[in-house]
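Participant: Can you make the complete structure from the sequences, with help from the hints?
Protein chains in written order, with the numbering used here: chain X, 1 to 217; chain U, 1 to 217.
Do not rely on the hints blindly, as some may be mistaken.
Because identical chains cannot be distinguished in the list, a pair is counted as satisfied if it fits within a single copy or across any two copies.
Unchecked claim - Here are the simulated SDA-like pairs of lysine to any residue, each with C-alpha atoms no more than 25 Å apart in a straight line: (1) K126 x S95; (2) K121 x D210; (3) K213 x L158; (4) K111 x D44; (5) K111 x V192.
Calculated directly from the structure, the hints in this document are not laboratory data.
2 protein chains.
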Amino acid sequence: MSTPLSPTDRTTLGRKKHRALTDRSALYAVLDEGLICHLGVVRDGAPVVIPTGYGRDGDTLYLHGSTGARSMRESDGVEVCVTVTLLDGIVYARSINNHSMNYRSAVILGKASAVTGAEQKMHGLKVITDQLAPGSWEHARDVDAKEFAAVSVLALDLAEASVKMRGEGPDDPEDEVAADLSWAGVLPVRTVFGEPEPSVDLVSEWTVPDHVKTRVG
Amino acid sequence: MSTPLSPTDRTTLGRKKHRALTDRSALYAVLDEGLICHLGVVRDGAPVVIPTGYGRDGDTLYLHGSTGARSMRESDGVEVCVTVTLLDGIVYARSINNHSMNYRSAVILGKASAVTGAEQKMHGLKVITDQLAPGSWEHARDVDAKEFAAVSVLALDLAEASVKMRGEGPDDPEDEVAADLSWAGVLPVRTVFGEPEPSVDLVSEWTVPDHVKTRVG
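Facilitator: Pasting the structure below:
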């Protein structure tokens, strides 16, 4: 069902290789669960990392150009790195040294290109909207011509990508487990949605629509 | 009480300047609340962004060297960018175009240096531990000589930094508010801790210690 990620030298992990996942479904799972990515570009020889919205369709990642506009303009046709990290837990070990984190992260390298074709650009906006606010594309007012011209969308191919994860209890050596001198375990970390807060300037008595309400666990 | 961040050209925001905060206490607040940062470095001319643990003491940010070891070794004395992002909400507007996120983010630029002095290195490890797992430094087994030699700690001065935030409802124009065609509001996003999961190999009947238990809201 899933094809290998075919990592290049750049995405082959230098250590803890057992934490590297090599199938594409694991990459999709991380990207589809995240809400923001961290976009890295090189500016005047130095790295710059900014958070931004994104969305995935097949093997294309779309990035929104309304956040960090300067980085976006500079990103057309240049090398970028997009990282999505899901923090799942804090790992308490018997020793300070073995403390760790449970997480899933995806790192994608490649040249991002500005989407200029009208049809693909509108599709990219829908994909980004569906990632952040599923259902809004159908509920809210469409993008008009002026807004469409002002926004920028970048596309990045998922060809060069790696996925890493840790998802287990503390990894203490046997003698420390037997010594039993400290508590050990995992404190789960979760991203949750709170109760929707209707805008104070709503004109009529709206009930919170299903596409928002159903996100609250 | 708080001194300006004194942003350089690199950290002066190119747009939406009203979202830039310029006092140091805002920077501290973001850094102190985060659990992971995204570290950007330049490798062979291309950006690489990896998640890693960190901690702050005064105007020094410490980064842990056990995650992404290759990036860490390359980071001594080279330009890095460290970004910490706290996602606070998803902003539903009347139009797709005005959908947004509420967030707080800190971006720090500068040259990271490997901490080599034994006293400062041990202090850096404590600061990083206190950020991720407060109380563990006192509870768990100390770092021994072998572990201490194997780990690396980087220090980054908080001299060149910027903080951005958005923390409000949708920003729709008056005519769209009056038209009342869509629901609008904010869906809060929160990072929470779940119930601690004791390690399956605990030898005795531990109760979860206070420094872990009290983190659960």
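Participant: For this structure, which hints from the list above don't hold up?
Facilitator: 2, 3, 5
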